[in-house]
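Visitor: Start from the sequences and build out the full structure, keeping to the hints where you can.
Number of protein chains: 2
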Amino acid sequence: MVTLTEENYIKAIYHLGKYGANNVSTNAIAKEMETKASSVTDMVKKLSEKGYADYKKYQGVTLTNKGKEIAINIVRKHRLWEVFLVEKLNFSWDEVHEVAEQLEHIKSKKLISQLDAFLEFPTHDPHGDPIPDKTGKIKKIDKILLSETKIGDDCICVGVQDSSSDFLKYLDKNNIALGTELKVCHREPFDNSITIKIKTKELIISNMIANNLFVKIS
Amino acid sequence: MVTLTEENYIKAIYHLGKYGANNVSTNAIAKEMETKASSVTDMVKKLSEKGYADYKKYQGVTLTNKGKEIAINIVRKHRLWEVFLVEKLNFSWDEVHEVAEQLEHIKSKKLISQLDAFLEFPTHDPHGDPIPDKTGKIKKIDKILLSETKIGDDCICVGVQDSSSDFLKYLDKNNIALGTELKVCHREPFDNSITIKIKTKELIISNMIANNLFVKIS
DNA sequence: AATAATTTTTAGATTAGTCTAAAAATTATT
DNA sequence: AATAATTTTTAGACTAATCTAAAAATTATT
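Protein sequence lines, in the order shown, are assigned to chains A and W.
Under this note's numbering, the first residue of the first sequence is numbered 1, with each subsequent residue one higher.
Under this note's numbering, the first residue of the second sequence is numbered 1, with each subsequent residue one higher.
Be aware that a few hints might be false.
Unchecked claim - Which stretches of chain A does chain W cover? Using the computed rule of at least three CB atoms under 8 Å from a CB of chain W, they are:
(1) 84-93
(2) 97-104
(3) 112-118
Claimed, not checked - Derived DSSO-like pairs: lysine-lysine, alpha-carbon spacing no greater than 27 Å straight-line:
(4) W:150 - W:173
(5) W:109 - A:173
(6) W:169 - A:107
(7) W:109 - A:88
(8) W:139 - W:183
(9) A:216 - A:199
(10) A:66 - A:137
(11) W:88 - A:134
(12) A:88 - W:107
(13) W:88 - A:110
(14) W:56 - W:66
(15) A:88 - W:110
(16) A:109 - W:107
(17) W:109 - A:169
(18) A:169 - A:183
(19) A:68 - A:107
(20) W:169 - W:143
What the hints assert, rightly or not - The following residues of chain W were derived to be distant from chain A, with all beta-carbon distances above 10 Å:
(21) 32
(22) 68
(23) 72
Hints were generated in silico from the structure; no laboratory data involved.
In this text the structure is predicted, and so the values were computed from the model without any measurement.
For every residue, glycine included, the Cβ atom is placed at its ideal position computed from N, Cα and C.
Guide: As structure tokens, then:
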């Protein structure tokens, strides 16, 4: 049996380990989970004993295949619930996270497979992140950051890097959603702000925004 | 903050206290929750300190209004989720309970009010039990046990007393569901079994079954 | 009313998860 | 390479919830 707390640690290690193939550090986990390093040490020892992680003192942790499987399943559940909340219960994309954090821990194979079918097997969540299928396979799309585009590129908005409420509300306010088409018109050398055109309307986007918005060149 | 465990105790006290206005005994709670009496004593002390229950040593407990409010809210969530599982995710009525036991603890006002709307404000769950509204009001219907009917009564099936999987599967097998119309034809004095007619088909029902099926005289 | 049976509570221990403060190891800097 | 700074671990304590075993109170039975 995996406890709720263990699940949360496994999820944190998974997310922190996704980029950079190195081991995940104790402090990084502590920061992510808003807890103390000493608590993390205790827990990673336990995860290691239970076979969910590989851990050597002072060397950080990685997930075993068993641990990865659990992590991916939690991610799958989280993202499916987010789709449900937005598509069926009219949540906006900045409201779904904390509820999905709770729902992701519900244990029932049938629940998730039926939910998946009910939602017609979605491949991406409301923030554009891919939903792992029942076997754990994750479809990658070749997205880049808006900040990495070239002048003249025609793009389609496919995801966000940061999904904080403030950022998502900014996008809503400026009528940027997943699927929105935009053209990169100009990059200001001084501050790297970008002028984009959505339909006929021009909009200036700060570098910070452009660094958190994923697009696909179309 | 009410912990998950506290919520489960509050729910148990609520259900045990519903019939019989007396205080709920320590042992009754222990049995219901499959735990030890000593654990119950500790917890009811805590619930009492927190203002959710009234408790005097050796005298059992009752819920305060604050406790009752929490209990009713859990019941509301449990039953709404049951409707969701059956109506939207194609669960059968004997499969919903354990999943709903988990879902009932999810904390989000918006989630429940939106779910309620999505389900079009159902008044009863898949077992015929009433769903409290957002203010906690519970609509009672004048149901009686099938065992209490008179010969010749025309009834409509409106609920079950026991919702164990075995019982619900028995009903499925015999094509008895909520809304099924039936006529009471004969009562056997020896074992109190009852002959009922559904449409044109006669069926003999044991006293034990009749004691667990609620009907409304139509 | 006294004794027996049952129920309930108390006392003390245990487990999961957390914390603080100090010690140990690693990494960075001179 | 030695010292300083940082990171990580250990040791020991705390809380929530549970348990066993024994004591206390209540209820039932003679």
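Visitor: Looking back at the numbered hints, which does the structure fail to meet, lowest number first?
Guide: none
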